[in-house]
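Engineer: Chains as they are written, first to last, in this note's numbering: chain G, 1 to 661; chain P, 662 to 865.
By construction, these hints were calculated from the structure, which means they are not laboratory data. A few of these clues could be false.
Short derived list, chain G residues pointing at chain P, Cβ under 8 Å [to be verified]: (1) Q73; (2) V319; (3) G323; (4) A330; (5) A333.
Only some residues are given here: those of chain P computed to face chain G with a beta carbon under 10 Å [said to hold, decoys possible]: (6) V678; (7) G682; (8) T732.
Quick caveat: nothing in here was measured; it's all calculated off a predicted structure. Cβ coordinates follow ideal geometry from the N, Cα and C atoms, glycine included.
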Amino acid sequence: MLPEIGHFALILALLLAAAQAFFGLAGPALGRDRWLAVVGPAVTGQFVMVSAAIGTLLVAFVQNDFSVAYVAQNSNSALPVFYRVAALWGAHEGSLLLWGWILVAWTLAVALRSRQLPARFAARVLGVLGIVSVGFHLFTLATSNPFARLFPAAPDGRDLNPLLQDPALAAHPPMLYAGYVGFSVAFAFACAAMLEGRLDQAWARWTRPWTTVAWAFLTIGIGLGSWWAYYELGWGGYWFWDPVENASFMPWLIGTALIHSLAVTEKRGLFKSWTLLLAILAFSLSLLGTFLVRSGVLVSVHSFAADPARGIFILSFLVVMIGGALALYAWRAPQLKSRAGFELTSRESFLLFNNILLVVATATVFAGTMAPLISDALGLGTLSVGAQYFDPTFLLPMLPLLALAAVGLHASWKKGRLGERRGALLVTLVCGLLLAVAVIVGASGGTAVLTPVGLALGGWLLLSALIDPVDRLRRRLSLTPAIVGMALSHAALGLFVISLTTVESYTAERDVALGVGESATVGQYEYRFLGLQPLEGPNYDGVRGEIAVFEDGRQVSLLHPEKRRYWVQQSVMTEAGIDMQFSRDIFAALGEDLGSGRWSVRAQVRPMINYLWLSALLMAFGGLIAAADRRYRRPVATPQAQQVPVAADQGVGQALPGRAG
Amino acid sequence: MNRFLLPLGAFVLLVVVLAIGVSRAPEKSVIPSALLNRPAPQFLLPQLGSATDFDSRRMQGQWYLLNVWGTWCVGCRTEHDMLLEIQQQGRLPIVGLNWKDEDGAAVQWLQELGNPYAYVALDREGRVAIDWGVYGAPESFLIDPAGVVVYKHVGPITAEVWQREFLTRLPPPAGDGSTPLAVPQLPPVGAVPPAAVAGAGAAS
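One chain only, chain P, in its complex shape (with noise of 0.2 Å):
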């Protein structure tokens, strides 16, 4: 054994242990939520296409998806054609956050490109995505009928991620419809008051 192989053999150590990191790596890349196993926080916010404000606390004894989103965001529109898939799915309603958005352009976005929520909040100002922990959109919280945060996604949701993240922390689909997941009806969107569209520029 000739001492000029051992670089080489250093070299090859070096491998495994970069190997066993690279591996490990998409555990880490994984922003844990404080609010995991927490109940969400509550909130009261105006509505898209509605004149009533959207309380949270309506979701209660329900599973749900809570979708921060914005038609600034550019993940979003990549998200957008699997949170349509997943409301025709109709395993859980969605409710979407809408962060630091103006109405006008959510309601554009959602006409054009279609609308997979039961709901939208309107989060002008951006205080309720801090209660939440929102760190950048799109970002997805699954929540349990307790009121419970079960999963965080960052980033666009992909049908992947929705196999293998969310399908399978939810409860087995009731194959008989004894107990059907009450998806509430959507607003139609084109009815939005025009208050709702002429407030739009008052989001900053």
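So here's chain G without its partners, still in its complex pose (with noise of 0.2 Å):
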């Protein structure tokens, strides 16, 4: 029975968010105020009537009903609990219902903080979230409904796919949607300007922290996932610009964009037309990243629920929510125009090129995962495009822009001068060249030619970016969270440059094969297989091997890569072996079984690895808390704007920006 209410819950949000869809933009098209009274409610309907959907499927899962068919695929009863709410979002359809929900509980935190936007602005941002709902509730319910029974039911179910039993890759999805369905909001404040015919600096200012938070997720959502390949794939790699990273990474470049031009549209008034595009373009990369992950059109290890039919339907979608948003923009964005000028080595200089760069990068990442779908269709044969492409048309434009970041966060709005701050800055340019110098000369080779710029860069960006906390610090100043943050996410940038060239300069790595008792050299490291012992889980079995680890002969690491069969879907899982240490990660992966006791073992020791993913969160942070500053929470049109009311539900309070950080 409850599967059964669930299903007709959606249907009724489907019904509601129709119904936001069209007040929230008739409303004011027809200049009847006394509509947008419905909008409101049918937001806050909408969100009990998603939750209510998705709590009953939850509950289908815990309680292991095999009746469901998504539940029989999915789980099984001797999967931990954990996993089976996770499972939740391990296949097509409860994604998608995920998707859905994570869209109207930010729809919610908008209408609830929406008091501060004049009535009319607010109504046709609800309306644009509407469309955006209902397409998706009309996709789940009409193409992928999680809430099919299966007759008879299954005595046990399939169990969700072993590759996904992992706590970094439950995180994943909830996060990286959060992110994507975070740009909707940009989007459709990018709609509502463009339908209202104006747009102003308080509009990029109510834009601006939904952009960044949104930003935030997606980029801890890539990290989760980036950190997830590196140890459980059991490659021992952490990105492949495989075509779904990229439908990932293409809407965070963007969004870095937009978050700086949105900067510069809210200070200075200028870029309009500018911002709005990258506004569109945010919410349409991660639309097409779904329709490229779910429709099957470019196969990869992602695409478990690939189906042609879905493919025409987010197509569809696509060609109505972005060709509709574009057509509005090549209406309306000539009517924007901006007054001010600026300097050349003015911050707005700095961050144009900023924009450009980004640009360039999302077109090059764009081009190389969509080549071998084009070369396809026009039936020019398979071309495989990997990271002899990407990595260096992708270094291309991102050294300039760290160079620039460096500079640019000193320089000033309007007139070029970066005054005071010139000396500040040779120092530490001085610096990152004195670390380069440094670790080249400690490492003992694998220095390439990109080792010292990189390292010189990304030390430069990281100090330049904390001058202006510390000068403040020192001169007794107040730090505003804008401040914090934007120190923050910079040094954040260059701590991650300096370990991604550190990570690539420096790696030890080998594949041997090693029998109980034999040793291997890797690098400077050896490797001892000390033996093999049988391993029992709740719902897998398998080996786990002991492999000691030797730095001048003297044991460093104890290391215990697993290989687990899980027993509901017979498949064989990597769980390497890795020991994170302050500077480095030691890591052992068992690969094959050779036979007569001896294994495939990969062995890697990869120095500051960690700390690429402790960057990414740090930049998180940073923009969480810039987020959080009190200006954008500042009364505009009503006095009464700063009592937000609190959600009743914890979900929301993930969503709103005011309380994050």
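Put the two chains together into one complex; each comes in its own frame, and the hints tell you how they fit.
Structural biologist: Pasting the structure below:
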């Protein structure tokens, strides 16, 4: 009975979303202000209904209700409860439902905070979000119903894909979706502004925190995905330029550009049409990402639920949403004129170059991701684009971007004066260069052309980002969240570049065949295979190896890589043994059983690799802190705007930018 | 023409490419079998409801369908009615490869849902399935009288798939009944020797 209630609740949610879209858009367009009163309750009702729908599915998972086909296909009675919950978004149907729920949660957050917005504008924002909701609920109901029954019921389920039975991956989709969906808010703000035909600096100030929070979630989501790939896929890599990774990375790059462009629009009223275009693009790329993953157009490891019927639906949805928004843009954007000018070395210039470089980088990723598809569509044969394309073409715009960021952080608006910061910038640049020299002299081998470049740029940016807060602390000036957040994110980017360069330059890795008692040398390390024990988990069995790692004859680590066989799906999973140390990761993964007690072992020692994900996390934190800045909560229209009602449901709290960080 | 139309133009181009991609997606979703147009691997396995082993060579000289199934497999349950329908049509016998299953569960399944199979071979350890390159259940192979794998279908066979992919590959039915297809007698499932059921627990 419960799943049917859930199904029905989702249908009601669809109707409420349609009401929200219609009254939110038609009310202001026809000048019927009384219609606006419908929009808020429709949002709340929709939130309640989608929550009920997702709640019933959750109950079905926790209670092992294998009469629900989706549960039977993605869970098992032996699966621990935590993963039964995570199994909800372990496949296509539930993922969509989660997408829809996060979207409604964001919408509700916007509705609750919309009192500081003009009523008609707020209604239009919610109306556009309503259209997005309609699309997603309709998609779920028409092509991907997670509540469908299985008759007769299965005695037990097929289990969650063992690759997904992992804490980081359990958290990866919700974070990613929160980011994707978050960009829908910026998109809705952009559409509403275009419908109004007016875009001012207040608009940019309303849009900024939402965009920044969405970006922060996306950053965490991508970071988690990369971390998971590193320790779970068993290859020891952290980024593969896989189409699905690219699909999440492109909105991130455009989102980053949007954050910076919004800053210019807010402070100086410039880049208006450009900001609008970026807001449309960020969400379009999020939708495109969903399309690529879900339609089966690009076959990749992630496309476990490829289905052409779904592809056609999403494509139509893309045409309506993106096509509509871009048509609106072509019509309205020419009317948005910017008055002011700026000098070549002003902050506006730096941010303009930031935007250009980020868009160029996105374009190269886009080209590489779409090339196989285009080649296939034109009948030119199968084309595979890998790291040898992406690495150099992506780095080309990124390297100048880092240098521009280090300087641009200190440029002042309008006038191109670095002033007193010139000395500090020079000092930090010298420090960056010294860091590069120190690392290269200290390390033995592995140095490439880009090693000093990356280290120097990363070190420079890291220190340059800290100049401002340190200076303010010394002069006992106040530090606003905006300043702290900005400094943290940029310093984290510097740290990211340093660790990326170090990992790429100084990783020692080798694939070796080892029998018990045997050793192999990997760089300056010695891997000794001590033994193998049988292993039994809640829903798998397997073997657990023990490998000691020595450096200069001294044992530095003891690793326990595992090879697990999950019972239900009979799939074998590699659980790498990783010793996370302060300055490096010592890694071993069991490959194949070569017979007669010998195993192939992938051995890697990667310096500083943890700082990749740590810096991604810090970057996201910086964004959350900046979004919490008080000026975004300052009342604009009415004095009671600051009394933001706290939502009863805890899930909403996550999406409220004011409380994050 | 204003420059603000450019994004829309680029998007239209993208949609065209994606639409072509979507229309071609079904072809790509088929996982090609390395066995296609090759001789089917032969095997000798214990047989459900019979004391003698099942030797795949006995199927030589006739068309047959090898269906990989298991009672743990949700898709197989969906497919079962279609298999019964195929059996009723009598165009060709179905050999069931009971994959990584418990014999007792398999017997119970066939008693409850009906038995579409001419023979059920018990691949308890899943070794034969490896030879056949089985990726998941259900999976079905169409084998011609020369013992060559003509077609492989991944996932449940639906009426549409049966019509489009299988029947089109089969020779037209002999209308005058001069060469009836040899459909072997089904062993009555109820009459399973106790030994077969007792051995059920051994399967992993």
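Engineer: For which of the previously enumerated hints does the structure constitute a violation, in increasing order of number?
Structural biologist: Violated hints: none at all, because every hint is consistent with the structure.
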